[in-house]
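Participant: Protein chains in written order, with our numbering: chain A, 1 to 309; chain B, 310 to 648; chain C, 649 to 983.
Warning: the hint list may mix true and false statements.
Unchecked claim - Simulated restraints, written as ranges between beta carbons of each label pair:
id, chain 1, residue 1, chain 2, residue 2, range
1, A, Leu-206, B, Ile-640, 17 to 23 Å
2, A, Leu-114, B, Glu-389, 28 to 34 Å
3, B, Phe-562, C, Pro-928, 49 to 55 Å
4, A, Ala-202, C, Lys-900, 57 to 63 Å
5, A, Tyr-126, C, His-805, 43 to 49 Å
6, C, Val-843, B, Ile-459, 48 to 54 Å
7, B, Thr-463, C, Leu-911, 46 to 52 Å
8, B, Arg-458, A, Leu-206, 14 to 20 Å
Stated by the list, open to error - Only pairs whose alpha carbons sit at most 20 Å apart, straight line, appear in this in silico PhoX-like list of lysine-lysine:
id, chain 1, residue 1, chain 2, residue 2
9, A, Lys-273, B, Lys-481
10, C, Lys-666, B, Lys-556
11, B, Lys-556, C, Lys-737
12, A, Lys-85, A, Lys-273
13, C, Lys-737, B, Lys-563
14, C, Lys-730, C, Lys-666
15, C, Lys-968, C, Lys-657
16, B, Lys-593, B, Lys-513
17, C, Lys-777, B, Lys-556
18, B, Lys-488, A, Lys-273
19, C, Lys-737, B, Lys-450
20, B, Lys-513, B, Lys-488
Everything labelled a hint here was simulated from the structure, so no lab data went into it.
Just so you know, even glycine gets a beta-carbon here, dropped at the ideal spot from N, CA and C.
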Amino acid sequence: MSLEAAPVEVNAQVPAKPVKADSPWRIAVRRFARNKLALAGLIIVILMFLICYIGPLLSPYNLYDYKLTDKNLAPNASHWLGTDKLGRDILLRTMLAGRISLAVGLVATIITVLVGATLGAVAGFYRGFVDTVIMRFADIFSSIPTLPILIIMGTVLSDLKVDPSNRIYFLMLMLGVLSWMGLARLVRSQILTLREQEFMLATDALGLKDNRKIFRHLLPNTIPIIIVSATLSVAGAILSESALSFLGIGVVPPTPSWGNMISAANNLIDFRKRPWLWVPPGMCILITVTAVNLIGDALRDALDPKMKK
Amino acid sequence: MLSSQVELGISIYKPGGILMRQYIIRRLLQMIPTLIGISIIVFAISAMVPGDFITAKNNPNMTAEKAEQLRHIYGLDKPEYERYFIWAGNMLKGNMGDSLQHKQPVTEVINTYVWNSFIIALATLILSWVIAVFTGVFSAKFQYSFFDRIVTLTVFLCMSLPSFFIGLLLIKLFALDWKLFPVSGMTTAGHNDAGWAYIKDVVKHMFLPTLVLTMLSTGSLTRYFRAGMLEVIRQDYIRTARAKGLKEVTVIFKHALRNALLPAITLLGFELPALFGGAMILEKVFVWPGIGQVYLESINMRDYPFMLGFTIFLSILTLLGNLLADVLYGIADPRIRLK
Amino acid sequence: MAKQTVETKTLVEFKNLKTHFHTSAGVVKAVDDVSFSIREGETLCVVGESGCGKSVTAMSLMRLIETPPGEIAGGEILFEGKDLLKLSKRDMSRLRGNEVAMIFQEPMSSLNPVLTIGEQICEPLILHKNMDRKEAKKRAIELITLVGIPRAEDIFHAYPHELSGGMRQRIMIAIALSCDPKLLIADEPTTALDVTIQAQILDLMREIKTKVNTAIMLITHDLGVVAEMADFVVVMYAGKVIEEAPVIDLFKDPQHPYTKGLLKAKPVLNQKQERLYSIPGQVPNPVELGSNCHFHDRCEFCMEICKTKEPPLRIHGDSKHKTACWLYEEEGKVQ
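Same shape as in the complex, but just chain A:
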């Protein structure tokens, strides 16, 4: 520990400097990678996507295989998760349903981010009257109970006899539009502080247009909080979609979604005797949402510079 330790120690010190100069993104990646639960979550989500999007291509069955001879089979070697009352393979249906549920979650979130970030940025940038109006709208929207409104809107869709294949687009829109408030508030408060900083003075000096200031200079600085909020919102959207579909007013058959597959449990015999009809999609929701939440939480820790360890 006497003579030899010293040079080793010096060497250990040297690379320490450039590491500190790393970009915040690389630091965030490293912090994220240290969180084992979140890594597990990330792997699960990637697997879930792969299985849902590639799996059906490898399946020997297709969605319109009505083989009534094979109906209501319990899980077995050829039908790993059994079949339903029309003889359709549950594994295939679960994977196809996953495509829908994941897509609804993602697109709804994109809409939330577009609406929320834009409104938040505009409110924070212009302040004054614009800000008051937007934030008052946010207050109004967040005081309306979300689930009932979604249910009412879902009923409207049913009454308007919207084509089942188009319904998911409306659903994405509904979910997205009803959950922008939280993100808008976050972005607004960030923009309010950012716009007071010196680099904004520079953009004034350059005579940049407002929309360039907002979208090129201010919003990029709020990307960390947007990412975190968006991740958590994917989880929320998947849950909301499944609840609506379970009630029969979200994604409706024949389009499968995890939620509407669970509504098989509304039939007492299926509920009691054939759990393979409704347990697998439920588990998929649970696993996916948990994984997404784990990722979101780890991202918050990784991207939040205030949470130093």
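Dock chains B and C against chain A, hints included.
Facilitator: Okay, now just chains B and C, sitting in the frame of chain A:
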């Protein structure tokens, strides 16, 4: 920072103090435009629904003529904006109208069913707070221990539960397969229990739905308390408390927990709508005769007076809950002075 | 300050104390083989730059090192002859706040914001002195008056945020004194305060010392405070004691180059100086320090032996003045 604050601070901001009353009045006034906005949006969305109560009933004996008559009686034949003003005017007078489905005033329907939801919500509230405080405190105290890791994972599972699915799964396992609890409802059909037997019966029926609701709300609460405790434990005054020779139990539960609970008191205000709002889907799954299920039915049946009335009721509860949260915080934290 | 010539009893003795912290970068030996003692009624100042281990020494005495990451890796801390490191948690709690009390650097955050001042002063009285609420309140009000705050009754019911920083530090002192401790540890008690308030707090501590005759272990980086308060001084550098001496000896005849540097770095009034002296270089990285004189790379007298071997802490004259430096050793002189 001067000591003159000693006299100033304590009295007038506290309940009954002049400034507190002014603050509450100002906040209540601010609610009015928000409420108007809410009522317009809610009414507009429901007005988009093409059918109405008459068509939704699907009565085969209904002739076009009779339907028109009924529509006239219910005022469904008037233009939308006119209906809005009639409805909003009645709401202002405290008259929520009659539920078409229940043939009773909306307030009465609410009163009949809301308490069934309330007992579950209250049990959930108490259980989830007790569990969350304890697990939160211990996983913060033993951060990164095995216990903490288990708690963290469980918390994330709970936060990610699809309520209806877990409800179904529990019914299947606990009620149908193992027959430990009744499948559905609030009381056993055919029993006319009274007194203790009745309470026992209800508690048995309550168990599963309360369990699901508790799981749902405990997750994020635990996380909240854990984070709060971790923050507080690092504070200088905790070191002071230890340096005084206080027992660790006193340090954690008196000095740390009080500070960690402060911001959480805000959450108590936010619980207000949950206490009276019922759980729509879960009540349906458990066939619990609560307000949530009635609300869900009212949407299906196009029972506008009830649907609109209850939605506004929930919105008002949400707004009052926010106000309550701020007021509670002001009362609890000696440092906060309401502006 | 009248110096006591009569040999008084030793109150606390640190014997080869080692307190380590296990960090992701490696083991930090925050306190490495530290020995010194505090006599009854004496004011001992521990001086050093931030991070030299002076607070950790005090926290080790209180057994308030957070484990993990911290750990008392070896040594003894004798308080009235018994080893504190061997006490059970319960016995240690009984001692804390009772026979040994501590005040901290940050008066603004050291008091619990949600409890009244009175409650916080009464706590140790009820716990250690078995007082009931009424007696405790009476005593608390006396204590508030003792530390020089008027309107004690009002202050008793006030919350910390209603008081200024100086008042809060007075309250901290009141809490510390509540059980008549034999040792009062003050960890940079004036650093966070305005200069005028600093002087008031020091005056208060001195005044109280004469009243209650408690020993004080005062941790500071301010030599002005040392000159004003200390009977005996311990100088620490990078986890080690490098010099200890009665205060007059230290100021008159500083031996260790680091101590000399510190005294040069201090501005002296009425004395024209071109520029304030500052010791060149930085405090070494505390992770995995070698076994040598840790000051060697900043020392203008650095010799070959300083880089490879650790100097012992020894008396180099006839007084109680000890120094750890090769300049005063035979091995050093040989070179």
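Participant: Regarding the pair C:Lys-730 and C:Lys-666, is the alpha-carbon distance no greater than 20 Å?
Facilitator: Holds, at roughly 18 Å.
Participant: So if I understand the rule, the pair passes when the alpha-carbon distance is 20 Å or less; does A:Lys-273 with B:Lys-481 pass?
Facilitator: Given that 20 Å is the threshold and the Cα spacing comes to 10 Å, the pair holds.
Participant: Between B:Thr-463 and C:Leu-911, is the Cβ distance one that fits in 46 to 52 Å?
Facilitator: 60 Å, violated
Participant: B:Lys-556 and C:Lys-737 were given as a pair; does the straight-line alpha-carbon distance stay at or below 20 Å?
Facilitator: 9 Å, holds
Participant: Measure nothing beyond the straight line between the CA atoms of B:Lys-488 and A:Lys-273; if it is 20 Å or shorter, mark the hint as holding.
Facilitator: 15 Å, holds
Participant: For the pair supplied as a hint, C:Lys-737 and B:Lys-450, is the alpha-carbon distance within the 20 Å limit?
Facilitator: 17 Å, holds
Participant: Assess, step by step, whether the Cα of C:Lys-737 is no farther than 20 Å from the Cα of B:Lys-563, and give holds or violated.
Facilitator: Measuring from Cα to Cα gives roughly 19 Å; hence the hint holds.
Participant: Does B:Lys-593 pair with B:Lys-513 here, judged by a C-alpha cut-off of 20 Å?
Facilitator: Roughly 17 Å separates the two Cα atoms, so the pair holds.
Participant: Can you confirm whether the C-alpha distance between B:Lys-513 and B:Lys-488 stays at or below 20 Å?
Facilitator: 12 Å, holds
Participant: Between C:Lys-666 and B:Lys-556, is the straight-line Cα distance small enough, at 20 Å or below?
Facilitator: Violated - the C-alpha atoms of B:Lys-556 and C:Lys-666 are around 26 Å apart, more than 20 Å.
Participant: Okay, A:Ala-202 versus C:Lys-900 on CB: inside 57 to 63 Å?
Facilitator: 58 Å Cβ-Cβ, so the 57 to 63 Å window holds.
Participant: Please check whether A:Leu-206 and B:Ile-640 have a Cβ separation lying inside 17 to 23 Å.
Facilitator: Check failed, 50 Å falls outside 17 to 23 Å.
Hint check: violations occur at hints 1, 7, 8 and 10; the rest are consistent with the structure.
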